[in-house]
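2 protein chains.
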Amino acid sequence: MIDRRSFFGLGALAAFAAGCNTVTSRSCRAAGRKVQFKFGMAGFSCHLMTVDETLAFMKKLDMHYLCIKDFHLPMKSTQAEIDAFKRKCADFDVTGYGVGPIYMGSDDECKRAFDYAKAIGVKTVVAVPFEKKEKKRMHSRARCEFLSGLCAKYDLRVAIHNHGPDIPDCYPTGESSFNMVKDLDPRMGLCLDIGHDYRAKANPADSVRRFHTRLFDMHVKNILLKPKYHAVPMPRGEMDLWEVVNALVDVGYAGCCSLEYESFPRKGSKPGIKEMDVAECVGYFKGLMKAAEG
Amino acid sequence: MIDRRSFFGLGALAAFAAGCNTVTSRSCRAAGRKVQFKFGMAGFSCHLMTVDETLAFMKKLDMHYLCIKDFHLPMKSTQAEIDAFKRKCADFDVTGYGVGPIYMGSDDECKRAFDYAKAIGVKTVVAVPFEKKEKKRMHSRARCEFLSGLCAKYDLRVAIHNHGPDIPDCYPTGESSFNMVKDLDPRMGLCLDIGHDYRAKANPADSVRRFHTRLFDMHVKNILLKPKYHAVPMPRGEMDLWEVVNALVDVGYAGCCSLEYESFPRKGSKPGIKEMDVAECVGYFKGLMKAAEG
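The listed protein sequences derive, respectively, from chains A and B. First residue of the first sequence: 1, per this note's numbering; consecutive thereafter. First residue of the second sequence: 1, per this note's numbering; consecutive thereafter.
If we strip away everything but chain A, and leave its shape as in the complex, we get (with noise of 0.2 Å):
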């Protein structure tokens, strides 16, 4: 949201006056403004998929950007399947534009993910680099010091994917990302996940507008906190997403935002149940897509 003290000084009140094409707000946006960032599909929001059935359903859907989870594609393929999986998605009009969220627990899993990513031929390595202290995973400041110099090795991109409150020294908000990657290479930065942003109690539209400098990455989703934190179809969450897509555009976000719809369907429940949810979903971050281009 914008500063409206500052928004409603006399100069901008009179450029508001005169065509309301020089500042944004939620009554009145520029004119032209364009929707710079791509909406893709976290693995995750198939996981219950085998490949084929995800990019069948991402074509069902119109959905052409994807991030791998190593469940689609595992970590230690070889070059030739890479190359087949890869081949596969071209099939189906899809690009693997990342991997990830890949946990990181040690110098030599910072390394393989980065050859993992390179094989591949993605730009961006979604990443929780830990270090564990008494059976706990917690954010690590040497494994991103690590990361850092990987980035420039590899020329690859980082981004460091924030949890939520129920791990609180392990990435729990975007501002926390941030904070421990701010003053490395530029190459690390930040997946914003935006229902664990607001579980922890930040504004994800706040964080993008706060963290857009070092933002490459977006897990885009709504979510209920009562009477547990759950993962529920865009329209019915809590969180409002028309002020995150304002704010994505207002920064000029040119990555990718994508879906990840972290439900687990009941055993015996309906076939396509999660599908009809993801559809849900795609449908109304679409219809806000459209909207913010006014």
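Source of the hints: derived by calculation from the structure; they are not laboratory data. Check the hints yourself; a few may be wrong.
[Claimed, not checked] Facing chain A, from chain B, some residues (calculated, C-beta under 7 Å):
(1) Asp62
(2) Tyr65
(3) Lys69
(4) Trp242
(5) Val282
(6) Gly283
(7) Gly287
[To be verified] To spell it out: a stretch of chain A is covered by chain B in this simulated footprint if at least three of its residues, at any positions, have a beta carbon under 8 Å from a beta carbon of chain B; those stretches are:
(8) 56 to 65
(9) 151 to 163
(10) 278 to 284
Given the structure is predicted, the values throughout are model-derived calculations rather than measurements. Even for Gly, the Cβ is constructed at its ideal location relative to N, Cα and C.
Given the coordinates of chain A, work out where chain B should sit on it, guided by the hints.
Leaving out everything else, chain B in the frame of chain A:
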């Protein structure tokens, strides 16, 4: 959200009025806009489902308004059957807000439809009043005049459903419906089917603006005209639904926009394929409605 009325000083308000609120463009819309219309389901979207399946489907999609088709509640239903149907709707938090489209080829069929609507307790009868000429259905001024009398007698509204150019003399466009009813009882109006309006080369957003004084119901959808006219999930159609939603908000439309998704899944296609399409449409339209409030 801030209260913009109290927020703007008089000078600002004047400037705002000068620049923004007499016209609504894609780039600049008046503050504090409200979506007054409801989003519902046209019975045809669920033509392959039983009543129970339809209501469960609507509940899942958080949809609460149904335009009742005869395949869900036959015209010859007894009052006890109608009451049972209504109780079932109430169990799923669904309101049957109208009936139809009902084809009315005789004055008796008009009366039967009005009795059916009255017995259910809805206010709106979506209608295609016609007479047969050389085995073709033609729109009929005489039938409309008869219906106009019934509107007064029953205090019900008729919303004439336009079809498309393939039946050129049977209400191809919203304009043709409007011209037929504009001098009749004010309860004679339109159910504007935007897909049919569009394929008859009208602009549905313009139709909303021109005929809103008689606009009682809407069938919303999206379509492609090539290789031949067919329904597609809303984000992938030719029509600019964002323009339509904005036209509806601008004219203060307070009726229902009912999704009519007219696909017929191929035999042997995956179960749930139509449900997924409908879910995507529901999400998209809700996204536009959310955005329209700014």
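Quiz item: Hint numbers the structure violates, sorted upward?
Solution: Violated hints: 2, 3, 9; rest satisfied.
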